[in-house]
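Undergrad: If you read the sequences in order, they're chains A and B.
Using our numbering, the first residue of the first sequence is number 1, and each one after it goes up by one.
Using our numbering, the first residue of the second sequence is number 343, and each one after it goes up by one.
Please note: incorrect hints may appear among the correct ones.
The calculated SDA-like cross-link candidates involving lysine to any residue, where the alpha carbons are at most 25 Å apart (straight line), are [what the hints assert, rightly or not]: (1) B:Lys364 / A:Ala250; (2) A:Lys188 / B:Lys417; (3) B:Lys364 / B:Gly412; (4) B:Lys466 / B:Lys417.
Residues from chain B that keep clear of chain A, each with C-beta distances beyond 10 Å, as calculated [to be verified]: (5) Gln365; (6) Ser430; (7) Asp431; (8) Thr435.
Hints in this document: simulated from the structure, not taken from any laboratory.
Every residue, glycine too, gets a C-beta built ideally from N, C-alpha and C.
Each chain, written out:
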Amino acid sequence: MRIGAMILRILRQFIHDKRTMALMFIAPLIVLSLMSLVFSGKEYHPNIGVVSQTSSLSTVMEKLGAKVLIYTSDTLATQALDNRDIDALITLKDNMPQVLIEGSDPSINKSVQLLLEKSMNQVSTTQVQLKPEISYLHGSLDMAVIDRFGPIMIGVFIFFFVFLIAGISFLRERTTGTLERLLSTPIKRWEIVIGYVGGFGIFTLIQALLISFFSIKVLGIMMVGNFGYVLLITILLSMTALTLGMLLSAFASNELQMMQFIPLIIVPQIFLSGLLPLNTLPMWLQKIGYVMPIYYAADAMIDVMIRGKGWSHISTDMYILLLFSLIFSTLNILALRKHRTM
Amino acid sequence: MINNDDQSVISVQHVNKDYGSKQVLHDISLNVFKAEIFGILGPSGSGKTTLVKILIGMEQRSSGDVYILGTLMPKLNMLQQIGYMAQSDALYTELTALENLEFFASLYGLRGQHRAQRIQEVMKLVNLKEHLYKQVGQYSGGMKRRLSLAISLLHEPALLILDEPTVGIDPILRQSIWRELRSLTAKGTTIVLTTHVMDEAEKCDRLGMIRDGELLAVDSPQALIDATQSSTLEEAFIHYGGIRS
Numbered sequence: 001m002r003i004g005a006m007i008l009r010i011l012r013q014f015i016h017d018k019r020t021m022a023l024m025f026i027a028p029l030i031v032l033s034l035m036s037l038v039f040s041g042k043e044y045h046p047n048i049g050v051v052s053q054t055s056s057l058s059t060v061m062e063k064l065g066a067k068v069l070i071y072t073s074d075t076l077a078t079q080a081l082d083n084r085d086i087d088a089l090i091t092l093k094d095n096m097p098q099v100l101i102e103g104s105d106p107s108i109n110k111s112v113q114l115l116l117e118k119s120m121n122q123v124s125t126t127q128v129q130l131k132p133e134i135s136y137l138h139g140s141l142d143m144a145v146i147d148r149f150g151p152i153m154i155g156v157f158i159f160f161f162v163f164l165i166a167g168i169s170f171l172r173e174r175t176t177g178t179l180e181r182l183l184s185t186p187i188k189r190w191e192i193v194i195g196y197v198g199g200f201g202i203f204t205l206i207q208a209l210l211i212s213f214f215s216i217k218v219l220g221i222m223m224v225g226n227f228g229y230v231l232l233i234t235i236l237l238s239m240t241a242l243t244l245g246m247l248l249s250a251f252a253s254n255e256l257q258m259m260q261f262i263p264l265i266i267v268p269q270i271f272l273s274g275l276l277p278l279n280t281l282p283m284w285l286q287k288i289g290y291v292m293p294i295y296y297a298a299d300a301m302i303d304v305m306i307r308g309k310g311w312s313h314i315s316t317d318m319y320i321l322l323l324f325s326l327i328f329s330t331l332n333i334l335a336l337r338k339h340r341t342m
Numbered sequence: 343m344i345n346n347d348d349q350s351v352i353s354v355q356h357v358n359k360d361y362g363s364k365q366v367l368h369d370i371s372l373n374v375f376k377a378e379i380f381g382i383l384g385p386s387g388s389g390k391t392t393l394v395k396i397l398i399g400m401e402q403r404s405s406g407d408v409y410i411l412g413t414l415m416p417k418l419n420m421l422q423q424i425g426y427m428a429q430s431d432a433l434y435t436e437l438t439a440l441e442n443l444e445f446f447a448s449l450y451g452l453r454g455q456h457r458a459q460r461i462q463e464v465m466k467l468v469n470l471k472e473h474l475y476k477q478v479g480q481y482s483g484g485m486k487r488r489l490s491l492a493i494s495l496l497h498e499p500a501l502l503i504l505d506e507p508t509v510g511i512d513p514i515l516r517q518s519i520w521r522e523l524r525s526l527t528a529k530g531t532t533i534v535l536t537t538h539v540m541d542e543a544e545k546c547d548r549l550g551m552i553r554d555g556e557l558l559a560v561d562s563p564q565a566l567i568d569a570t571q572s573s574t575l576e577e578a579f580i581h582y583g584g585i586r587s
């Protein structure tokens, strides 16, 4: 009943505030469109897996900066490829190299192809002309960079807007005194937190639907997985963003100070979300990614949208996001003790 | 229940409050009786707001006891019997008056026909009935104050706590609000209000004078004036304040 009232009130506030609604719904679409137009690449040394003896090719590739890993069987090697331990797998069939590229990151695909081209040229001078047969485990040759960025950016946008809007509306609740008034009624502290999650949950569901639909259908971002999983990921991510935004709003005394969390909370997450190849970063920086919600959402989004994976592959990411939300919610309920101990 | 006085709606016993080393309330003890208007008179910064927040449990007291209707506070379900209006209007300005009222009414468990009826009643009481569907952002300061008062009356609380209720309200309206407060006490509602305005304090049944967190005196306005051989409440306040400091 009270939760219902909280949800209804939040929905009504949204409906009255057309600008915020537009920001949540339209702004991500504009930026995503821009991103699909603008992009630049980056140098990366791929990991190559080999099964049988391809020694001359291996040495050449290693000389060109690649890391070559030798596997004892085809099964082990394919598994390593699917786990993204290696970026491409080279096997020999009738003395002809067969290349299987993992394929979920177009920038890595390109560097693998470049490496192949260079090494083939060097090998070919001594032997007959070699023309490798290239195939993809996921994705395809014509996969664009936006196909890789899209899934991550969907997560980034949802996190960004929900974090900011939830944080600011809870901050306002505190500064205008409505929080005090709420707490002078018999509402329980957890009912306030759950009410917020519910009210924003409905709005973020619509936002997630719209952004995902626009990205996939209008911008044509690659999508081979289940749309339901995309929604699940975005909802769990927005719950994390909401509860974190509410929590951090306690440390801001006005809207401007809430904005100051952007470079602190949002930007590092974008950089460590997998948008740029993480393998090129120092190890300690990669480790920081493990405490960032967007990292898990981005990982799951790529698994679903590009690699077409199901629940068994994203479940760990989902549980971690759920755990984040639970921890932040609990901290929120505890933080409200500052205003009322009951 | 340790509370001996059955007549007391509020019983405050030796309440102290400090923020770190700064003590804001010193050993406050007072009783508020049923169906009276009890005024807490003092300048801003004297500890009035802290005191009323301690009454309802929004602030923690450092020591001492507070009983409301015989129950040791803070207690969550006692809030159902208390109407509280803070100094700030605390309204959702992007919502209409009706939506604000519906929201808070629901928090107090009011629903359906009864809720709709109470909303009509309180809006009539504060003379805002024709502005029910207006967005609160378009309200004037005085209208917001009245809507805020209307919200605190929704659930027909036995005890009404008002922090500076008539700030920014024009004299005619102030008079009508006082009339309404009187009619509420006639129905048995107990009212505690804070004020820094002397002529408003004079309308209270009994007054507690507070300064720098110390309760200087508690009595009816006339008795306070008589006891200090003053001609006005202001003189009486100065008299009590002077003795202590």
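Undergrad: Hint by hint, note whether the structure agrees.
TA: Verification of the hints:
Of the pairs offered as hints, the one joining B:Lys364 and A:Ala250 holds, with about 23 Å between alpha carbons and a cut-off of 25 Å not exceeded. Between A:Lys188 and B:Lys417 the alpha-carbon distance is near 11 Å, which keeps this suggested pair within the 25 Å criterion. Between B:Lys364 and B:Gly412, the direct Cα distance comes to roughly 30 Å. Violation of the 25 Å bound is thereby established for this hinted pair. Among the hinted pairs, B:Lys466 with B:Lys417 is inconsistent with the structure: their alpha-carbon atoms are about 32 Å apart, more than 25 Å.
Residue placement check: B:Gln365 keeps its beta carbon more than 10 Å from all beta carbons of chain A (closest about 20 Å). With a least beta-carbon separation of about 4 Å from chain A, B:Ser430 fails to lie farther than 10 Å from that chain, contradicting its non-interface assignment. Distance to chain A contradicts B:Asp431 as a non-interface residue, since its nearest Cβ pair spans about 7 Å, not more than 10 Å. Not every CB of chain A lies more than 10 Å from the CB of B:Thr435, the least distance being 8 Å, so the non-interface label is violated.
Comparing the model with each numbered hint stated earlier shows that hints 3, 4, 6, 7 and 8 do not hold.
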